[in-house]
Amino acid sequence: MTIFGYRVPMMASLLAWCLVWEIVGQLELSFLVPPLSHVVAAAFTLVQTGTWQAAALTTLNSFLIGMAFAIVVGVLLGVLMGRFPVADNLFGIWVNIFVSAPLSALVPVLMILFGMGETTVVVTVFLFAVWIIVLDTRAGIQAVPRSLEEMGRSYGAGGLRLYSKIILLAALPEILAGIRLGMVRGVKGVVIGQLLVSIIGYGELFELYSRNFDMENFWALTIILFAAAMGLSAIIENIEKRVEYYAGVR
Amino acid sequence: MRNITAAASAAATTPSPEAAVEVRGICKMYADMEALRSIDLDFPAGKLTTLLGPSGCGKTTLLKIIAGLIPATSGEVRVNGVPVTGPGPERAFVFQDFALMPWATVMRNVAFGLELKGVGKDERQAIAHKYIAEVGLSGFENKYPHELSGGMRQRVGLARAFAVNADVLLLDEPFSAVDEQNRRKFQEDLLRLVELEKKTFIFVTHSIEEAVYCSDRIVILSRRPGRVAQIIEPEIDRTASPDAIRRDQGYLDTVEEIWQGLKRYVD
Amino acid sequence: MSAPAHANGSPRAIPGAGASSFWGKLLEHRTALWRAASIGLFFLVWEIAGRIPISFAFPTFLETARAFLTMLFDGSFVAAYAETLQPLVIGIAISAVLGVGLGVLMGLSRFAEWLVAPVFIVLQAAPMAALIPLITFVYGIGLVSKTLAVIMLALPVIALNGYKAVRHVNPSLVDMCRSFQGTWWQRILKIILPDASPIIFAGLRLGLAAGFIGVILAELLITPTGIGDLITYHRSVADYPEMYAAVVSIILVSTLTLSALEAFEVRVLRPEKKKG
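Residue numbers (UniProt numbering), protein chains in the order written: chain A, 1 to 250; chain B, 1 to 267; chain C, 1 to 276.
Hints are computed from structural coordinates only; laboratory data are not their basis. Positions of the beta carbon are idealized from the N, C-alpha and C atoms, including for glycine.
Looking from chain C toward chain A, a few residues come up when the C-beta cut is under 8 angstroms (computed):
1) L41
2) W114
3) A130
4) L217
5) I251
6) S254
Extracted from the complex, chain A is given alone in its bound form (with noise of 0.2 angstroms):
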């Protein structure tokens, strides 16, 4: 949007609300809703104590491992689905059943069968992130062109040198959005999982903070969730924009 000729940064709405949140929260209209300096105040102090720390070390624990395995798990499924049409048939009604498919429906499974731990958690992560990746990695590999594929059988690239060289850096841009995508859902995840065993890491501080109304600690560890999942998918993105620009000439 432009004001008087100045072009606003669309991102600076979010001021203009956080000044909304400030406003209400002054006017003490409700409990549920503290003045947004108090809710920073809160997470400057929230991140200095040791619970904070170890919920947010065990949270961050939980979710790399689950994401690095469904980055791994999801990339090699995906080329496989993409090069092989029997891997393709055969996994593709699944794929494309349990990447939309409420998931936090199994979470209890998960807990019966992994316990109430972060193991569930890491499941859960897995679970809600793998399937986008497998769906995006497989539509990047068939967008590969044969033509690049022959040209670097031409040249001599076979086997692994193919697949490392050529294939999976041309189906990039298509990865990194599925791993972006996969990101967002494994944050979700890690919520979720936690929220449902509810004894761990940051569901455990959530379920502690809303039981007692304290809401600045509630609303703290809110903002700071939210801002760490968008500064994550940020990261990602910004290195898809990197690799944007293959993805038109090729």
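Using the hints provided, position chains B and C relative to the given structure of chain A.
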């Protein structure tokens, strides 16, 4: 062939009575980029005039200014003596990418201009029917655009423009998305329709052969900023068969001359 | 103009079309066969894994299927889904109206885009599930809370898709409408909305998928009712086949609903995507 570049500037000051579209001092700036610089042109009524030029010379921009789709930075366009302020019923546009509604049948697409004007269903379908037949698409009324070839889709676009019965038809590279063989056939059909419909055609193309083959008058624009570089009237006997025209010495000479003129703009 | 018959070779096109539908039929059968094989294989692996067994809490496929059928016929599924689908349907209806409206508004107005789009971008990327404990404490454990959970998860994606859809409307079609002197309303109703409808609809499907996650989460976290209750209850009494059957049923219901929506979309809104 007649080179009337010198005469054109004279025509600009004294509007010829038979000009359907007059362009006076049109300039167009996009931010810092000058797309068109003081264009003065007359488009004679009932004739087909081509705007020809290297890519990026602003020929499509000029056509869209005449259509009223984009505003000029300065200058004026008059159609039948009335200044253009926006799209109007006396002009109809044919789009490079056809601009057909994928969710509508050929019939609805052709009748769309009339639908927007509030013409009743039976009446507009009767009119659309006539023009669908005229462009050779009888029997395809209930097909959807995706079921047609590129050439057939542009015939739908042409029928839609005819259906609103405008005086001036503006065609923006109508054949560029049509394959070569279909394009030739389409060009021949277009000539027949120009003869039949007695309308003013303004035609944008980057194909020299197409321009020479179809046009009564060719306006050559220079590279950015677009200016009128040359105006040529190919004097070709249109009563001859299409194949005879394409072998005609005058036709070949005109193509060659335009190419020699345009060559310096090619990088 | 007699061109199409010549130019596009309709005499050639007829056998071509015939052949392609023949191959299409064969291919259709092939995909159906592959699907059956794929599903069968999955169940086989499940059955074997259950028989080993890989865990005391991992029933075989046949046990689960038996439990599924029992629950289907004794009415427990019917009762559970009557409960579960209520907040889902209300929530999705509200999200659809609000989301499509806001999305189209954002697509049409630069100011609305500036003001609202960033909020939805944040909400879509953020784990909204974290707020579910909060709404429980505000609105209690009733229908309102569960409906809100659905809206929170479904609204952002629906709104953002509506916005993207309107922004990506074919500019040439909009020009076409203007060149035939279409009014502002005609442009929106006859060009922008129809052209945007596939992406809007995709957004509704994504919203519905998110809504299913929301309602299940609400039932697991807030109040053990409906299908969430079936899962929790059977887990607490260690009736694992019944519990698995309930989980399978919700995945099945969501998958079938989403495919039905997709089929509806192709059939009604997009004649050009219909095959044959």
